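2 protein chains.
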Amino acid sequence: MDKKKDARQDQKSEIREYHTPSSGFFFKIKKNLHSKKSNYQNIELIENETFGKILLLDGLVQTTDRDEFCYHEMMAHPACVVHPSPVDILIIGGGDGGILREALKYAIRNVHLVEIDAEVIAVSKQYFPWMKEILKDNRVTLVINDGVNFVKNTSLKFDVVFIDSSEPVGPSAVLHEKLFYELLKKRLQPEGIIVAQVASPFFHSEFIEQKMTFFRELFRFSSLYLGPVPTYPGGCWCYAFLSDLVHPFDIKRDPPPGLRYYNPDIHKAAFALPNDLIF
Amino acid sequence: MDKKKDARQDQKSEIREYHTPSSGFFFKIKKNLHSKKSNYQNIELIENETFGKILLLDGLVQTTDRDEFCYHEMMAHPACVVHPSPVDILIIGGGDGGILREALKYAIRNVHLVEIDAEVIAVSKQYFPWMKEILKDNRVTLVINDGVNFVKNTSLKFDVVFIDSSEPVGPSAVLHEKLFYELLKKRLQPEGIIVAQVASPFFHSEFIEQKMTFFRELFRFSSLYLGPVPTYPGGCWCYAFLSDLVHPFDIKRDPPPGLRYYNPDIHKAAFALPNDLIF
Chain X
1 MDKKKDARQD QKSEIREYHT PSSGFFFKIK KNLHSKKSNY QNIELIENET FGKILLLDGL
61 VQTTDRDEFC YHEMMAHPAC VVHPSPVDIL IIGGGDGGIL REALKYAIRN VHLVEIDAEV
121 IAVSKQYFPW MKEILKDNRV TLVINDGVNF VKNTSLKFDV VFIDSSEPVG PSAVLHEKLF
181 YELLKKRLQP EGIIVAQVAS PFFHSEFIEQ KMTFFRELFR FSSLYLGPVP TYPGGCWCYA
241 FLSDLVHPFD IKRDPPPGLR YYNPDIHKAA FALPNDLIF
Chain F
1001 MDKKKDARQD QKSEIREYHT PSSGFFFKIK KNLHSKKSNY QNIELIENET FGKILLLDGL
1061 VQTTDRDEFC YHEMMAHPAC VVHPSPVDIL IIGGGDGGIL REALKYAIRN VHLVEIDAEV
1121 IAVSKQYFPW MKEILKDNRV TLVINDGVNF VKNTSLKFDV VFIDSSEPVG PSAVLHEKLF
1181 YELLKKRLQP EGIIVAQVAS PFFHSEFIEQ KMTFFRELFR FSSLYLGPVP TYPGGCWCYA
1241 FLSDLVHPFD IKRDPPPGLR YYNPDIHKAA FALPNDLIF
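From first to last, the protein sequence lines are chains X and F.
Oh and the first sequence: position 226 is 226 in the numbering used here, straight run, nothing missing.
Adding 1000 to a residue's 1-based position in the second sequence gives its number in the numbering used here.
Honestly, the hints are just simulated from the structure, not real lab data.
Quantities reported herein were computed from a predicted structural model and do not represent experimental measurements.
Beta carbons are placed, not taken as given, at the ideal position from N, Cα and C, and that holds for glycine.
Check each hint, because a few of them may be wrong.
Among the chain X residues that face chain F by a calculated CB cut under 8 angstroms, a handful are [said to hold, decoys possible]: (1) Gly52; (2) Phe128; (3) Trp130; (4) His204; (5) Phe207; (6) Pro230; (7) Asn263.
When the alpha-carbon atoms are kept at most 25 angstroms apart in a straight line, the in silico BS3-like pairs for lysine-lysine are as follows [what the hints assert, rightly or not]: (8) F:Lys1031 to F:Lys1012; (9) X:Lys252 to F:Lys1028; (10) F:Lys1012 to X:Lys28; (11) X:Lys28 to F:Lys1268.
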């Protein structure tokens, strides 16, 4: 009995993310804020002394108070500064609202956030301070729907599309497939840009190579770029910039003030790839 | 009794590095290869399924088979490709031999490796395959000595100096101080370059800012640069490039073939700093 109790307390005292079966992160739990299985995934939110609030989906860290700017700035700004006129934006996934917050800093006309899991929105609204503000912005249309369904059935066209999927397991798996990008391309304006989170360059370089193969079949400009995200596996993340007409280096406007990671020097630098990632 | 035994077994089944009191890495232990306190520090070497051999000093990961190239290439190559003629090299610390291995790929005349702890050399020689080869190279002089003592007492001058210290606690603390860099500068040729590992840009930006203050007082070109190291805290590491005459972008030669991380694009990109690190 005592042992069982100890084991339960141990489980509750920290959370682990396994990056491989033999390694990963641990985060001590200061407070358990939320732990519930939705129709799609296990949603956990904890408070940690170092990282503040940490949102995990199926045990994988998505967003933390302390380092979310690294990921969200690198998702949002590269495309927003190079598109000639980004007015209609689509975000698929991204229920924590981080990319939405960044995109709204530009003079856009409207942005659709298509999140499959209403529970992710609800939890983020409760715990991430930016969510309440941005969901009141009248440029925002919140759609609770499967990303593939939305893309199949909408007649809208977009200037910039962000694929803020979780890992290629669970509800996000289909968002990593070629078929989805073929459908998505039909919803892009001619000068449209897609930015997608891809994977860890350190742990998943083969997966990245596979994706690049079909990205190149579909888009004239298919470039990978990198940026650090301390709480993602390997500490560095890989993004894809996809467009038929817009070159990723052709910067047309300043980023908004007040960013913590992204700037024009970082923009260009992010596209420099280590030898191991040059396919 | 049972509980105690369980606790001991738990300790042995994995190793943890705390990056903050509430977060860090865990690595499952496949095999304990070495665990011994030297005169200076606790030296551990474990085998892990993902990372291969992991060397820890006082509980902090120094080198792993899987990702050591990230750190060692970014320490060695930026200075070696921009120096007009790097022939006399000094490495302070670096007992695992990674920087030494990279520096020997250039047409250098000699390299002094000054490591305070003979045990680190012995363990590395036993477990890191490159060590046996490079210590046989007749351009290498191995010195078991305190880095400060060596720098104070030598009459030699160097073209490139690498400070491969461990953290600013324990035997390496003094290697992070201004006084040490003042002494070191006297041992630099006029076109000399110092490259030093500094800290995690994510966890230790205040420490980096302090160091930059005295680097700028001492050297005309004082630049920080960044590169990922998956097994270091935050997954990204900060290095300093210090010189009075050589600009860090003035590349004069190709890097050696066969590198996995470093290339000329990465060289320039590494000096682009996120807003949070521009002091």
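> What are the numbers of the hints that this structure violates, sorted from low to high?
Replying inline: 1, 2, 3, 4, 5, 9, 11
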